Amino acid sequence: MEEQGTFRVKKGLAQMLKGGVIMDVTTPEQARIAEEAGAVAVMALERVPADIRAAGGVARMADPEVILRIMDAVTIPVMAKVRIGHFVEAQILEELGVDYIDESEVLTPADEHYHINKHQFKVPFVCGARNLGEALRRIAEGAAMIRTKGEPGTGNVVEAVRHMRCVMEQIRQVVNAPEDELVVLAKEMGAPLELLREVKKEGRLPVVNFAAGGIATPADAALMMQLGADGIFVGSGIFKSEDPQARAAAIVKATREYNNPAVLANVSRGLGAAMPGLEIGTLSELDRMQERGV
Amino acid sequence: MAVKAGVLDFQGAVTEHLAALKRCGVEAVPVREAGQLAELDGLIIPGGESTTIGKLMAFSGMDEAIIKRCREGMALWGTCAGMVLMAKEVEGAAGKQPLLRLMDVTVRRNAFGRQRESFETKLDVKGIDHPIEGVFIRAPLIVQTGPTVEVLCALEKGIVAAQSGRLLATSFHPELTDDLSMHRYFLHLCQN
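So the protein lines, in turn, are chains A and B.
Going letter by letter, the first sequence gives residues 35 to 328 in the numbering used here.
Going letter by letter, the second sequence gives residues 9 to 200 in the numbering used here.
Hints listed in this document are in silico derivations from the structure and should not be mistaken for laboratory results.
Since the structure is predicted, the reported quantities are computational estimates derived from the model, not experimental observations.
Among the clues, some could well be false.
As the list claims (entries may be wrong) - Computed beta-carbon distance windows for the label pairs: (1) B:Glu97 to A:Gly90: 48 to 58 Å; (2) A:Glu36 to B:Val159: 17 to 27 Å; (3) A:His147 to B:Val159: 50 to 60 Å; (4) B:Glu47 to A:Gln207: 32 to 42 Å; (5) B:Thr114 to A:Asp321: 50 to 60 Å; (6) B:Glu72 to A:Val328: 46 to 56 Å; (7) A:Gly237 to B:Cys32: 16 to 26 Å.
Each residue gets a CB set at the ideal place from its N, CA and C atoms; glycine is no exception.
Turn these sequences into a full structure, and let the hints guide you.
This is the structure:
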């Protein structure tokens, strides 16, 4: 008997994406450039995070027309974003046949208290997290993949670094903690105890953990990989740069050869200007997307 | 004889295969350089994105090194994306995708549909004495086989496991289950 939408099948697709780069695209042409450069998947959007940030107002799920055209253009998996808590947008994306749904803080949250019950969907979800508690709460809700939140659309890697270091440090803390301290740790982190036990046993998150939010250069991608990321999301970093084709291919190579400075030096040469960056300190609290949906 | 097996470490489910091989009690190494192939009895190309792995293989010259070592007798097992890369032909991919073209089969990518249609099922595989769990993720199918190819398992839609000499291809992911039968089957090929 065939069984669809099991957690193993949902988590499994993320495992197949490990070591790869997932790129934000807004048109079929960009999707083909990403695939040609070696992306393992694309994120279909109406606007990249930097433009969402600039435009202001309410950011929603992309027009299905945009998503379907991108799905037609490439053979690699296609992801798309829904607002936090907007389970009807997710029902629509599942109907379209999107391969992964990102319940994303880049869009304006539809529910300030609850995330989507992701167990109810056959299509897997990826969610952002800044620390271990957030990551395990999302997994408890059914997320089959985690990514750092970082600070999207800034081209500034500092927040992604902060979030990856925090998750890794807390995993080490859990691994080293004696069993009798786990209940209190779970309470302090706001993490389900059973999942915390699993982290202690395996020494890692129960699902794949990518880096996202501010990655703009091959060196940024390699940095996140050396810090322990399983793979990389690049949002605005590629198609807001001077030479998207060259930068996309360079980031793919840097993600694979993240421990090889000779390759990193080589692929970083002559890429033209990276996307313009934003200093995090200049963002007002309202402009910080990472505070959404904790 | 002690067998040494490698897992192509470019992208995809590398650590899962390495863990399964180690549980079988053999020496298992991630393979990043063509030079490492010389000392291996067998290589696994894991699941991942076949376009990505193919491009990285072509970029590093690993494709030619694998073809050469297979001619010298190294065993090769491709799971999912690995099956696609081993195929002589891939439907609708003429010239678009770098392939090793080692196994005389024609493969259809994403043959069951998109991720929504990904599934698990029990499989009877020739040479394995009990049904095993088959995990299919945006899986490919073999739609045509040459005379040297033996079918090990087929579903209604097409062939999901096949062998040709020391070449083994599966649509599904034994590395995502606790059952080591398929890995042991491959290690047997490495020994011969």
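- prompt: Any of the earlier hints contradicted here, and which numbers?
  reply: none
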